[in-house]
Structure formats: C-alpha cells, structure tokens
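Fit the two chains together into the complex; they arrive one by one in their own frames, and the hints show the way.
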Amino acid sequence: MMRMSRPTVVTEWRRPSAFPARWMGPALGLGLAAFVLWNLLSLQVDPARVSRGLGRAWIVFGRAFPPDWSRWELLVEGVIESLQMAALSTALGVLIATPVAVMAARNFSPLGVYAVGRGIISLGRTFHEIIVAILFVKAVGFGPFAGMLTLTWGSIGFFGKLLAEQIENIDRGQVEAIRATGAGPGAVLVFGVLPQVLPRFVGLTIYQWDIHLRQSAIIGIVGAGGIGTTLYNSFARYDYDFSLAILLVIVAIVLLGEAVSAAARRRIQ
Amino acid sequence: MLEVAGLVKAYPGGDQVLRGVSLTVKATEVVFVIGPSGAGKSTLIRCINRLVEPDAGSVRLDGVEITRLTGAELRRARRHMAMIFQEFNLVERLTVMENVLSGRLGYVGLWQAWRRRFPPEDVELAFETLKRVGLSGFENKRADELSGGQRQRVGIARALVQRPKILLVDEPTSSLDPKTSEAVMALITRLAAEEQIPALINIHDVPLARQFAQRILGLNQGVFVFEGTPEDLTPAVLDLIYAGAGEELTSALGALSVSDTGV
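Chains as they are written, first to last, in the numbering used here: chain A, 6 to 274; chain B, 32 to 294.
Chain B on its own, in the form it takes in the complex (with noise of 0.2 Å):
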C-alpha cells in the first residue's frame, strides 16, 4: 500500500508545483491521476520514488518512510517501485534484453553488471516477460531499432523484472498513436492485475482513463480537486479539473476571432 501524505515541491525559482498532495494506493488497486499539463502529475511520481525530492509531505510504501531514506536504503527502496515513462527512456544503444534486465540491476553487483552476467533465474524472468508483453524473440535487437509501440513494451518489461510493490507508470501513452496507445494501456493494466501490483497512472487522455480507471484523481495546479470513478467524470467536473489550462491558447483564438470578423 502507498501512502502519500501533505507532498509539498516547489523547483527553484518557480511557484509551487505541488501545493499538499496527498493519495492512497490501496494492496491491488490501479488509481488513475488525470490533470492538464503543468498540473505536477510527472512531479508527483518523481517525488514518490524521490528522482525528485519533495520539499515537505510523507510517503510510505508498505509502512516504509520513503523520504528519509539516504543512499543504499533508498536504492533498495526503489527496486520495490518500478517506473514507466513517458518517452520510454529505453538505453538506445543497448539491446532489449539489456534493457530488460537492468531492471534487475539494485540485486546484482557491479561487475556482474559490468559482464551482463545476471542471475540464471533473473535471465528466466526476463524471457518470460518479454514473451508476456508479447516481444518473444526480440531479445537481441537493439531498443532504437523498435517502433513506438514496442518500446513501450519493453520499458513493461522492465519494470515488471522489478518484482515491484507497485508501479509508477508517468503518461505510458503520450507519444503513442490512439491504438497503440489504447493496447498499451490494456497490456498495463492487465499484467498489473495478474501480478496483483498495485499501480499509480498519470494520463491525460480522459477517455482512456474513463476506460481502464477504477479509481480517478483530478490534479489542478498541485492540489487534487476530484477524486471519483469514471462515472462520476461529468462535463462540469472535468471544467474543474482542467480550470485554467490552455488559458493563452483560448485567448489567443478569442482575439483570431475578433480579427476575423472586425476586419
């Protein structure tokens, strides 16, 4: 269970990304956090497995406190919260199982890693998820040779070679097509499922949050403004959540209509 209390972040020089965040994961549950851009979604989850330090706030994974931990105790926090990124983040130039092994890389020692000598049960794990997220015989291509789609399903793979108590998966589809973006997600949410790993998902497709979400949270401007199911995404609602955004593009339009019409 992740446990997210009065998360406070503000980057240098900046207003406050995240004004008093706070959130519960429960042991199986997939929650979904929807926001316009800018609102801290991609800050929120940094903050969690602290690629990001938050400035104030707690956050607990199974009754560990996260933000007090320092050096070797925080890496081996981390192993338990696997991440999924938006750009993939793939290594490029390594191969896929490489990729998906590293993955494994908090358990093994640096000259294994060194000699991509990884555990045979660690290399098992890695064929048999490849072959879950659908890439069987892929492992010796390189990741920059994959489309799109593929890359993503690596970088499941990796995170699921974690073994992790939860996953922290940052808008897995922003630079996908709609229909990959929508097996992505599938795939995401299903092996979540059959693991029985709890899983935190930033998005901002509303309609494939409406899809796949049991549980939805709206972040406007660093603070939650909803919380509800699917269902209770109404038009007035979804106003609230996404108050505020694109407010110069609106104007803009507004003074191109004015032009048009005036002249």
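For reference, chain A alone in the conformation it holds in the complex (with noise of 0.2 Å):
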C-alpha cells in the first residue's frame, strides 16, 4: 500500500524520445548539418559562374519577347497530342494499376500475392519518367506512343501505391460483416471495399490525370511526343520566341487542368 509519511512527488516530466538513446536526437540534426554543409563545398557552388549565366539567361529572355503565334498549328497538334496522351494512359494506367493496388493491400491479399503487388509498384516507381521515357523511345521509336507507355507506367507505380494505401485504411468491420455472410472474395471486394474506396478512386483518377497533363509536356522532350517534342525543337531552333508562346500555352494548361482537377474533387468528398 501507499506510504502515507513520506509521499514521493514527482515534478518533472519529458516526452520519450524517439530514439533508443537521448543524445541521438541532437547527434543526428548536427549530422544532417554537416552533410549540408559537405554537399554546398564539394559541388563547388561559385558566384561567378552565377551572375555570368544569368546574364545569358537575360539575353535568351529578351529574344523570347515578344511571344511568335504564327505557327499556331504547330502548337496546337502539341497541345492535342499531349491532351490525348494524358487522358489514354490515365484511362489504361488506373485499368492496370487497380487490380495492382488490390494484391498490394496487406489488408487483402495473403502474403505471396502481397509481395508481388508491392513488387510492382516498386518497379513502377523506380525510375523516373524521363528515364523511362527514353527506354520507350529506344523501344517504339519516337512519338506520342512511347509517352502514353511511359505515363501508364507511371501510373502503376502511383495510382497503385495510393489505392493499395487507401485499401489498408479501410474500416475491417464492414468487411468481416460481408465475409460473415458467406461472400466469396470477389463479393467482398464489390460490397464490402469498393464503396468505401470509391470517392477516393475517382479522386486519384482525376489527380492522376492532372499528374500526366503535366507530365506529358516534359517527356515531350527526350522524343516521347505531345507538346514538349514541340517545344525541345523550338529550343532547338533557338526560336526562343515560340518557345515563350509553347511555354505560356503549358502554364495554361497545367493551370486549366488543376482548376478542373480540384474542382471535381471538391465535389466527390
């Protein structure tokens, strides 16, 4: 029992560290400081070279101005092969990354098949799309067929990363209620999963969408087609004012794209 003479009073109290020791925690920002510091030296960081580019950058600048409209055509062919691009390998990046995101849900899967769906997404999210961009070049020739590849690859990786994420959190009891009634696997995933990762779905679909608009103006650039083939051939050409008319053409289409993006999301949740 209780030592009612002298009772212990304990007036100090500290959050347990996170780390297995005390010192750790301080040890590791002066590291991450250090490894700063190291990195700003050895890639010979010199004011010099700073100000003499950007005095090129100035000149680039001035011959941009004004922006050259006249080969609209040409832009506009980027604009709608970048568009279709975008909207394909959504459409077949979700198709394929869905039943993905599914094996890859711990939650779900049994561990063998687990293991082979976070295998792909791992693979999917190795490289990043330009790198993979230039395999698929390498492999069906230049063009906005190498892009849409190179986006629905992508897709793989992100879309089922966050579907397999969004899986894992769902609510277990209304599953167990539908595998209690003697559902089969499929049955549960169409009852007792899917209308509860449905708003989200279509959200990251959208997301994933507005992801590849933007992302199919940069592949454009080692070959992959869309408007960033459009615009690597501007520069290229040293046509810097085409190039400024391309790259406010971009800037308005991303800027379209996330409008419409958050708009419908506003309206799903």
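Do not rely on the hints blindly, as some may be mistaken.
Residues of chain A placed beyond 10 Å of chain B at every Cβ, according to the derived structure [to be verified]:
hint, residue
1, F24
2, R27
3, W43
4, L45
5, L59
6, W63
7, V81
8, E82
9, G124
10, Q171
11, G189
12, F196
13, P204
14, I211
15, V265
16, A268
Selected chain B positions facing chain A (Cβ under 10 Å, derived; list incomplete) [what the hints assert, rightly or not]:
hint, residue
17, V122
18, L177
19, G186
Hints are computed from structural coordinates only; laboratory data are not their basis.
Every value quoted in this text rests on a predicted model; they were computed, and no experiment measured them.
Built from N, CA and C at the ideal position, the CB exists for glycine as well.
So, in structure tokens, the structure goes:
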C-alpha cells in the first residue's frame, strides 16, 4: 500500500525520445547540418558562374519577347497530342493499377500475392518518367505512343501505391460483416471494399490525369511526343519567341487542369 | 444445433483468450453469454464462424464440423451462420437495401452482385424483412444517414435474409442507449422465436440478459464459470463471473480514497 508519511512527489516529466537514447536526436541534427555543408563545398557553388549565367539568361529572355504565335497550328497539334496522351494513359494506367493495388493491400491479399503486388509498384516507382520515356522511345520509336506507354507505366507505381494505401485504411468491420455472410473474395471486394474506396478512387483518377497532363509536357523533351517535343524543337532552333508561346500555353493547360481537378475532387469529397 | 467443444485460442504474443470452451445451443434455444470485457466473448463467436481461426477444438453446426472446412466449403457454411455486430458493421456508403441484400451474397454470382441484380425472391424477402424490423420505406436511404437503433435493425435484417441455421450476436446493444437497447434485444429474441432460429448472444449488460434469457453462460478469462437461468444469477455468482474485472480501476479508486483521507 501507499506510504502515508513521505509521499514521493514527481515534478519533472519529459516526452519519451523517439530514439533509443536521448543524445541521438541532437547528434542526428548535427550530422545532417554537416552533410549539407559538405555538399555545398563539394558542388563548387561559384558566384562568378551564377552571375554569368544570369546574364545569358537575360539575353535568351530578351530574344523570347514578344512570343511568336505565327506557328499556332504546330502548337495546337502538340497540345492535342499531349491531351490524348494524358487521357489514354490515365485510363489504361488506372485499369492496370487497380488490380495491382488490390494485390498490394496487406489487409486483403495473402503474403505471397502482397509481395508480388508491392514488387510491381516498387518497379513502377524506381525510375523517373524521363528515364522510362528514354527507354520507351528506344523501344518503340519517337512519338506519342512512347509517351503514352511511359505515363501508363508511371500510373502503376503512383496510382497503385495510393489506392493500395486506401484499401489498407478501410474500416475492417464492414469487410468482416460481408465475409461473415459467406460471400466470396470477389463479392467482398464489390460490397465491402469498393464502396469504401470509391470516392478516393475517383479523386485519385482525376489527380492522376492532372499529373499526366503536366508530365506529358516534359517527357516530350526526350522525344516522346506531345507539346514537349514541339518545345524541345523550338529550343534546338533558337526560336525562343516560339518557345515562350509554347511555355505560356503549357502554363495555361496546367492551370486549367489543376482547376478542373480541384473542382471535381471538391464535389466528390 | 450448435456444438462447441474444447475451443482454444491464443493471439500471437498474448495469453490464451479461450482456454477450452464448450457449449451447446439446441434447436430453437437462445443462449446468452455474459462476462467482463476481455473475457473472450467476441473471440468465441468469431471462432465459430471462423472470422478468427481457433487453435484447437471443434465446432459443429447440425453435425457439420466447421473447423476443418476450407475455401468454398467454409463460405457455404458461413451462409448458415448469420452474425449481428456490436458496431453494426453496415457498409456505410451503400443503401439500406444493398446492406440487407448483402446477406444473400453467398448465393449469387459475382456479376449479379456487381450489377445488384439479386433474384426476385431475394428482393421480396429483403422488403418483407425490412418491414418486420420496422424499416419499410427506408430501402433507398444510405446506411450512414440512419440512427444507431435503425442501423442495428438493418444489421438484424441482413442477418435474417441469410435464412440462417443460427444467429451469432456479438454485443448488439453496446453502442446503443438503454431504451433502444431493450427494443433491439426484444426484436432479436422475438424474430429468433418466430423464425425458430437458435441464437448465441454475447452481452455484458446483466439486467438485459436477465430480462431476455432462458439460459445464461458466464465466461471469465476464457473459461465458462457459470451456467444457469436468470434466477441463478445471485450476487455471489456475479462476483465469480466478474472476478478480476476492472482490477486496475478498483485499485486506482482505492489509492484515490487513501489520498483523499490522508491529506
């Protein structure tokens, strides 16, 4: 029982450290600071080069004004190609990524299937789109087909991972109730899982389209079609005024895509 | 008839939750299981329909050994064991009708389930059952629009349309207020009697068990320590069933009263 004569009074309490020992937190902070400093030194950040670069940038910028809209047919062609790439790759990507996401949801798939699903997602996320685009351009040649394949590939990693996380976060009770009726795995998905992830599924699809729209402008630079290829060609020919026109259009498309995406997702939540 | 014998279950890294549990629920009998939180009541029910895998023991429903079934056989057996849940466990974003019809999912193909095309007799049964639980006209409401009592009645309807051989009921009233609890319990026992379905009902509300039970089992730390009628539930028996429950709380209260008087 409690000792009444000398009650021990504790007046100090500190939050338990996230690290095994308390000194490790500050040590990690110091280490990171040293690492950043070392990087700065070894990258040879040179003020002289920065100022020269700024000067050159100013020349390019000057030659870009005013933007040249005379070749608008080329521009429109590129934009349409980019839009098509984004739409098609989103549809295909979601179609492929959905079963992968189910495989990669730990609460739904047995360990073996889960490992395969996670593996596919990791593979899809390993390389940046630019690298994947270079590979696909080598494989199937220049043009929007390579771009479409690139973006679809990216979907498997991105959409698959996020959807798998959504499936892992659903309410288990609802799934348990459906299982308890004797429903098979397919019916459990349709009645227990899908209704819970559907709003996020639609939201993620729109978000994925939005991302693809932006990426389609970039991967064109390595020859994968779309407005990016048009941009790269104009740079290569020093037609900076046309480049500026293209850049302005890309900005407009990205803003438009973002607005559509935001509005659509607001309605779903 | 449900026969459970020597059921044992331990969760990984934990103590045994069930330490050799045996019980029988006869043809049209309603059996109540009472006991403190953590006694193993929920685990017991989930071991019967194998939402939780028991480590040892046998579960037989009308002579069929459940513990050895796999895959499609197990799912076929589950169709005959309808479950009612503490948190209702309705699919929140689906309509009341879809939730009720989900009780028939063991009988329809995946394509039918996807398109919500259940056989006419299933739909008729669902409408009729909704009426019996007092929710006529609620079929197109979404489950998350309903109150707690209404949700549990949907849960009861979902269980009934399975046309089960037994009802497994896990704390059906813990998420409800006292008055709704009584109504829900009355509904479950009345429908079980009308349909002549036996039921195994977990409950920790002793007065409610007294009110509705014919036979009561007392579970404490994974073993049955009592079996009898509501009249047999004397204070001494309740002490036995709830022995060890809330010990931390009791000692905390003890410490509180000591410091109250001491300072």
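| said: Name the hints, by number, that the structure is in violation of. | reply: Hint check: 11, 12, 13, 18 fail, others pass.
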